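There are 2 protein chains.
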Amino acid sequence: MQAVPPALERLIHDLTKLPGIGRKTATRLALYLLRSPASEARALAEDLATLHSSIRLCSGCFAFSETDPCPICGDARRNHRLVCVVEQPGDLMAIEKTGSFKGVYHILHGVLSPMDGIGPEELKIRELYQRISRGEVEEILLATSSTVPGEATASYLADHLHRYPVRITRLACGIPMGMDIKYADKYTLGQAIDSRRSMDE
Amino acid sequence: MQAVPPALERLIHDLTKLPGIGRKTATRLALYLLRSPASEARALAEDLATLHSSIRLCSGCFAFSETDPCPICGDARRNHRLVCVVEQPGDLMAIEKTGSFKGVYHILHGVLSPMDGIGPEELKIRELYQRISRGEVEEILLATSSTVPGEATASYLADHLHRYPVRITRLACGIPMGMDIKYADKYTLGQAIDSRRSMDE
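As given, the protein sequences belong to chains V and Y, one line each in that order.
Note that my numbering has the first sequence beginning at 679, numbered continuously upward.
Note that my numbering has the second sequence beginning at 679, numbered continuously upward.
Since the hints were derived computationally from the structure, they do not count as laboratory data.
Quantities reported herein were computed from a predicted structural model and do not represent experimental measurements.
Misleading hints may appear alongside valid ones.
As the list claims (entries may be wrong) - Derived DSSO-like pairs (lysine-lysine); straight-line CA-CA distance at most 30 Å: (1) K775(V) x K695(V); (2) K780(V) x K702(Y); (3) K780(Y) x K864(V); (4) K695(Y) x K802(V); (5) K695(V) x K802(Y); (6) K702(V) x K702(Y); (7) K802(Y) x K864(V); (8) K775(V) x K780(Y); (9) K864(Y) x K864(V); (10) K864(Y) x K775(V); (11) K775(Y) x K864(V); (12) K695(Y) x K702(V); (13) K780(Y) x K802(Y); (14) K702(V) x K775(Y); (15) K780(Y) x K695(Y); (16) K695(V) x K775(Y); (17) K802(V) x K775(Y); (18) K802(Y) x K702(V); (19) K864(Y) x K802(V).
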């Protein structure tokens, strides 16, 4: 007996593909949308349909943006000599919220993870070297998460960046060990930016 | 400074309207969709866009369905003399999963809640009386949740249904007090259906 109409079942099935959404949560969300005015589901549908076509990667920092360069790379008031290296676009958003950072960004789009086949070639690391080679960067702030792969990526980058004439810094203590920086509160994260430490020996 | 592209911000804003989804979860889901192939977001968009147009209410039981009557009301093998009254379509799905119920349904689309202005007129209660008046119903199984408004709705219905020549039953003990029946496990719920108790004095 078919208790769930196919159109509802398809939506539930789509929603269970999202991270952290199981069958029960997906059913609850789908039923909520079905009970709500159709305009709400349609607004969500439209924004989903245009998501990938309206957002691209900034060629400067590889952030998600509707423009190239992104608003941050295109802002002359930002300090383009200070580059903050983060794992993911979500980390950039978390740092921007603190209001503590006046430089620009470089998004790696991942962390080194040899077990998963993610080496330096899979991340935007070569692009970081090229950016530094152009000679406009004075300081690299390594803002990868304080997790095992985040720390390993920071160490790898610190080792390889020593051949460039740049100052290498790391987010300061203040972030609890093992916490993903996306989930840090903005005050802790802001303090960590203010008291960033040097990774030059 | 604008760290979140407008198209992404719109999607995050849409997602925070869903129940149980806060700003952080919405951001995580939106970034996941942006990193995934565009086809995944588009599939979700299509299923959302067609949700309301492809699903209507069954005129017999008021379940969500792509057809009218719904597959359950249209199934001659079900016992149409036994009508299970539930609050919401999600409750019907939970009961169908048990495989214990061979009758048909009547969905109230809510519970009595005078504080929120929900009286009998706001629910499909008149339609239930009309259905019984047609004379084909022998038993009404009141399967509203064992919450305060669910119990109040069951009591209200039991009081008013006594003027009809039908047997009135209620889901048996087995469901923990205060638990919404949507979240009961199917074995407990199945047992509660098997040992339903009479509400005739």
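Outcome of the hint check:
Proximity of K775(V) to K695(V) is assessed by CA-CA distance (about 29 Å); at most 30 Å being required, the pair is judged to hold. Taking the CA atoms of K780(V) and K702(Y), the gap is near 23 Å; set against the 30 Å cutoff, the hint holds. Taking the CA atoms of K780(Y) and K864(V), the gap is near 55 Å; set against the 30 Å cutoff, the hint is violated. Distance check on the hinted pair: K695(Y) and K802(V) sit about 34 Å apart at the alpha-carbon level, beyond 30 Å; violated.
In summary, the hint linking K695(V) to K802(Y) is not supported, as the alpha carbons are separated by about 34 Å, beyond the 30 Å threshold. With a C-alpha separation of about 20 Å, the suggested pairing of K702(V) with K702(Y) holds against the 30 Å cut-off. Note on K802(Y) and K864(V): the hinted pairing is violated, with a Cα-Cα distance of about 49 Å set against a maximum of 30 Å. For a cut-off of 30 Å, the pair hint linking K775(V) to K780(Y) is broken: about 56 Å separates their Cα positions.
With a C-alpha separation of about 43 Å, the suggested pair K864(Y) and K864(V) falls outside the 30 Å cut-off, and the hint is violated. Pair hint K864(Y) plus K775(V) does not hold up; C-alpha atoms about 45 Å apart against a cutoff of 30 Å. Using a Cα cut-off of 30 Å, the hinted pair K775(Y) and K864(V) is violated, with the two alpha carbons roughly 45 Å apart. Pair hint K695(Y) plus K702(V) holds up; C-alpha atoms about 18 Å apart against a cutoff of 30 Å.
Restraint check for K780(Y) and K802(Y): satisfied, since their Cα atoms lie roughly 22 Å apart, inside the 30 Å limit. Straight-line distance between C-alpha atoms of K702(V) and K775(Y) comes to about 13 Å, which keeps the hinted pair within the 30 Å bound. In summary, the hint linking K780(Y) to K695(Y) is not supported, as the alpha carbons are separated by about 37 Å, beyond the 30 Å threshold. Using a Cα cut-off of 30 Å, the hinted pair K695(V) and K775(Y) holds, with the two alpha carbons roughly 22 Å apart.
Taken as a hint, the K802(V) and K775(Y) pair is broken in the structure, with Cα atoms around 48 Å apart against an allowance of 30 Å. Using a Cα cut-off of 30 Å, the hinted pair K802(Y) and K702(V) holds, with the two alpha carbons roughly 25 Å apart. Note on K864(Y) and K802(V): the hinted pairing is violated, with a Cα-Cα distance of about 49 Å set against a maximum of 30 Å.
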